[in-house]
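Colleague: Sequence:
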Amino acid sequence: MKRREFVKVTSQASAAFASTIYIPSLFRDRKIRIGLIGAGWYGMVITRAALETGNVQVIGICDVDSVHLKNSADELEKLQGSRPVTFKYYRDLLDMKDLEVVFIGTVPHWHALQFIASCEKGLDIYCEKPLAYDVREGLAMIGAANRAGNIVQVGFQRRQSKAFQKAKELIESGRIGAIHQIRAQINYNPDPVDISLQDPPPSLDWDEWCGPAPRLDYRPSIGHIAWRLEKEYGNGHLVDWGIHHIDIIRKITGEDMPDEFNATGGLYVLKDRITTPDTLTATMAFEKAPVVW
Numbered sequence: 001m002k003r004r005e006f007v008k009v010t011s012q013a014s015a016a017f018a019s020t021i022y023i024p025s026l027f028r029d030r031k032i033r034i035g036l037i038g039a040g041w042y043g044m045v046i047t048r049a050a051l052e053t054g055n056v057q058v059i060g061i062c063d064v065d066s067v068h069l070k071n072s073a074d075e076l077e078k079l080q081g082s083r084p085v086t087f088k089y090y091r092d093l094l095d096m097k098d099l100e101v102v103f104i105g106t107v108p109h110w111h112a113l114q115f116i117a118s119c120e121k122g123l124d125i126y127c128e129k130p131l132a133y134d135v136r137e138g139l140a141m142i143g144a145a146n147r148a149g150n151i152v153q154v155g156f157q158r159r160q161s162k163a164f165q166k167a168k169e170l171i172e173s174g175r176i177g178a179i180h181q182i183r184a185q186i187n188y189n190p191d192p193v194d195i196s197l198q199d200p201p202p203s204l205d206w207d208e209w210c211g212p213a214p215r216l217d218y219r220p221s222i223g224h225i226a227w228r229l230e231k232e233y234g235n236g237h238l239v240d241w242g243i244h245h246i247d248i249i250r251k252i253t254g255e256d257m258p259d260e261f262n263a264t265g266g267l268y269v270l271k272d273r274i275t276t277p278d279t280l281t282a283t284m285a286f287e288k289a290p291v292v293w
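Position 273 (the sequence shown) corresponds to 273 in our numbering; numbering is contiguous.
Read the hints as simulated data drawn from the structure, not as lab findings.
Under the rule of at most 27 Å between Cα atoms (straight-line distance), these lysine-lysine pairs were calculated in the DSS-like manner:
1) Lys251 / Lys162
2) Lys129 / Lys168
3) Lys129 / Lys88
4) Lys129 / Lys231
5) Lys129 / Lys271
6) Lys166 / Lys251
7) Lys97 / Lys78
8) Lys31 / Lys88
9) Lys97 / Lys121
10) Lys271 / Lys231
11) Lys70 / Lys97
12) Lys129 / Lys31
13) Lys78 / Lys31
Restraint-style ranges between C-beta atoms, simulated for each label pair:
14) Arg83 / Thr264: 49 to 55 Å
15) Asn189 / Arg30: 45 to 51 Å
16) Glu287 / Lys168: 16 to 22 Å
17) Ile225 / Glu75: 17 to 23 Å
18) Arg215 / Asp92: 18 to 24 Å
19) Pro202 / Phe261: 40 to 46 Å
20) Arg33 / Pro214: 32 to 38 Å
Predicted model, so just to flag it, every value in this text is computed and none were measured.
Backbone N, C-alpha and C define an ideal beta-carbon position, used for all residues, glycine too.
Between the sequences and the hints, there should be enough to build the whole structure, so can you do that?
Modeller: Structure follows, in structure tokens:
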């Protein structure tokens with residue numbers, strides 16, 4: 001499958017999955033049983049949000065950082081009144097009896113393996129963005145979901161924003177006239193990053209964290225958050241923040257795939273400290289009008 005065809009398939013699949021509302025609890029007298037893979041910062045953000053519905057119970061969590069694992073288990077015990085079973089390895093969590101749903105909050109280079117394994121278990125999935133690290137992984141994930149017939153949602157939370165829903169309403173009503181160009185900006189670079197080589201924290205299994213990705217020597221500039229700007233583990237600003245803008249603008253405008261795509265930029269400010277562009281302009285042009293991200 002050509003890249004253009006792949007992106008069309010994935011965009012359609014993401015839209016279909018994300019529009020599906022998970023409501024089995026409305027027809028049951030018990031809570032949905034959830035397992036969390038990646039119990040760090042954002043894994044816990046999405047898990048707290050789920051608990052606020054009152055319809056779920058977290059029965060298991062896993063993380064290769066023992067501090068994250070303990071802290072998150074402690075917090076979940078306070079929030080829901082029961083302590084989830086803790087695991088280091090995600091496959092052990094997936095073997096839990098009665099598990100129904102998996103939240104994937106790990107780094108992108110782990111998404112494909114964890115997603116496909118969850119599909120093979122017949123579990124429904126909420127996977128944080130980006131869905132995949134690269135194109136071939138994304139194709140394999142879509143294939144696994146199609147075979148499983150499970151419910152899958154990708155973490156494009158802006159689709160639920162009333163502000164963006166209102167923007168779509170205004171555009172479709174014609175009240176603001178024809179749309180010829182849309183611009184979205186990200187004005188952000190991290191604080192000065194520490195690139196000194198260090199031993200990883202004692203709590204972190206660095207080899208397991210790297211997993212299927214290249215193993216770089218540990219340094220704080222990778223850590224638990226700044227990996228987003230390392231090409232080995234993330235894909236930079238365009239795939240971290242940029243895909244939120246791309247997804248919601250295409251959702252609002254009803255656009256499919258662009259007829260042209262062009263990107264220019266470079267590494268100017270954080271040269272030798274990160275490995276993805278810190279300055280980038282990406283332009284997508286459609287037959288109707290150019291859309292600039």
